[in-house]
Amino acid sequence: MAYSEKVVDHYNNPRNVGTLDKGSTEVGTGLVGAPECGDVMRLQIRVNPETQVIEEAKFKTFGCGSAIASSSLATEWIKGRKVEEALTIKNTDIVKELSLPPVKIHCSVLAEDAIRAAIGDWKKKNGVAETAETVAVAK
Amino acid sequence: MSTVLSNVEVPAGVSLPIYMDNHATSPLDPRVLEAMMPFFTTKFGNAASRNHSFGWEAEQAVETAREQIAKLIGATAKEIIFTSGATESNNLAIKGIAEMYHERGNHIITQVTEHKAVLDTCKRLEKYGYRVTYLPVKADGLIDLEDLKRAIDDKTILVSIMAANNEIGVVQPIREIGKICHEKGVIFHTDAVQAVGKIPVNVIADNIDVLSLSGHKIYGPKGVGALYVRRRNPRVQIAAQIDGGGHERGMRSGTLNVPGIVGLGKACEIALAEMDSEAAYLRGLRDRLKAMLEAELDYIHVNGSMEHRLPGNLNVSFVYVEGESLLMGINDVAVSSGSACTSATLEPSYVLKALGLGDDVAHSSIRFGLGRFNTQAEVDYVGAKVIDIVKHLRELSPLYEMVKEGIDLTKIEWQAH
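So the sequences go chain by chain: A and B.
Mind the numbering: the first sequence is residues 9 to 147 in our numbering, read in order.
Mind the numbering: the second sequence is residues 216 to 632 in our numbering, read in order.
Since the hints were derived computationally from the structure, they do not count as laboratory data.
Warning: the hint list may mix true and false statements.
[Stated by the list, open to error] For lysine-lysine, the following DSS-like pairs were computed, each having C-alpha atoms within a straight-line distance of at most 25 Å:
1. B:Lys606 - A:Lys14
2. B:Lys310 - A:Lys133
3. A:Lys66 - B:Lys606
4. B:Lys293 - A:Lys66
5. B:Lys626 - A:Lys132
6. B:Lys437 - A:Lys30
This one's a predicted model, so the numbers in the text were calculated from it and none came from an experiment.
Assemble the whole structure, with the sequences as input and the hints as a guide.
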């Protein structure tokens, strides 16, 4: 199979590979896919609590070159964006940018899911954190 | 695709890309090409032309090839039928026997890691009322002979079990299988396309009644194969599946592919002469590659028995690395993967799954198929390159990180998609 130049570029030079402290309240973690399907993406964000801006994004992906490229691209795109803005990224944008063939569309879907899962985790965590803070203040 | 992230140096004398996928097909041996050439040009006769020298010359060449093939497998020349390749040989054997012996019974036994040319042929026969038993394999890829004995009943007419597997190189106990078949009066067919010319196969000693082989797996040409059909003790009959001019004693009509047949014959002659030294050579290269990988990488898993295995085969799962991404990193090396992403169906290898491997391990597999023309320098380069890329991809792998942290991946609720 021939890969687009952009896929090859992300595969050779993946952006934002790494791990954030998933225990931090500023960090949201999304883990999507399944090993038996041949794709697992973990995407993490660190959000500035004041500005709601995603200041850091990291990923690790088990999957084919297109899956690696999709998640690498996703971290590039969400970094510097506000949380609600990041949620507007669609898998079709990723397909277009990376020129993914039809059999690889599921990689882009997974990347979109990973963004949503990471933001969802951050929101959930933040809700909990806020409540805890409120409780602490009340005491 | 141009760039590669690896910094592994290409040793002197190695030219890229490196071909290491000899189970898929093998390059034509120059000696084979040389033998074939005249039959494309001056010696172009039809082997069925009985009334001029062009025909006689072609016929003579075909009969020489028949002898060469027969000699490699311990058969007689009259027991060799030429076909277009092993897929046709398998179809002819299984369908031809099913048709010929349908009054005796309708039961066929095969096993789950057969090539699709056998499995799909059996599936078609099921549509026509035949009953097929697909024996399982053990974790090492071998069938259990007790399962075979139990599966044979009074309606069983045919057992079809491959000699060596195309993905994992596992060699089935064909001699014992043949013995069981003969004791029960059942015909034994073996798809020996990966075994013939690589390891000793003898139709008499191994109790084989019908055997499929192919040219292009043994450094011969594509588009030519043969079927051995036993003529004595017992005499096996096969109903033709292609009708026409009555070539090949009526079992396979169609003008003979004379250059191809000459090439197949020559390839068999070379294989017989060089089998021992070549097997030792390939085993040395294979074991060297395996040792290199095992010395540098953790979580690697060799698929299938190492003891009962073709000398040139190594099938390894690099766990927590997806096969296609690994292939992408070693794109100057031609190997193949059991990963779903490399197949049209998006299903991982059914052979690896039959061994009881999880889909995740199957997705991580690479098949190295070493052959006559591979060198030690090539093996050293491929080994170094694979190690480099696997390490890189594991840096990227969330699964590898989790396992290293002591997380049990089976306890995680994955969102299958």
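We went through each hint and held it up to the structure:
1. For a cut-off of 25 Å, the pair hint linking lysine 606 (chain B) to lysine 14 (chain A) stands: about 22 Å separates their Cα positions.
2. Note on lysine 310 (chain B) and lysine 133 (chain A): the hinted pairing is violated, with a Cα-Cα distance of about 64 Å set against a maximum of 25 Å.
3. Note on lysine 66 (chain A) and lysine 606 (chain B): the hinted pairing holds, with a Cα-Cα distance of about 19 Å set against a maximum of 25 Å.
4. Distance hint between lysine 293 (chain B) and lysine 66 (chain A) is unfulfilled; the C-alpha atoms sit about 68 Å from each other, more than 25 Å.
5. For the suggested pair lysine 626 (chain B) and lysine 132 (chain A), the alpha carbons sit about 22 Å apart, so the restraint of at most 25 Å is met.
6. A C-alpha spacing of about 56 Å is found between lysine 437 (chain B) and lysine 30 (chain A), which places the hinted pair above 25 Å, so the restraint is violated.
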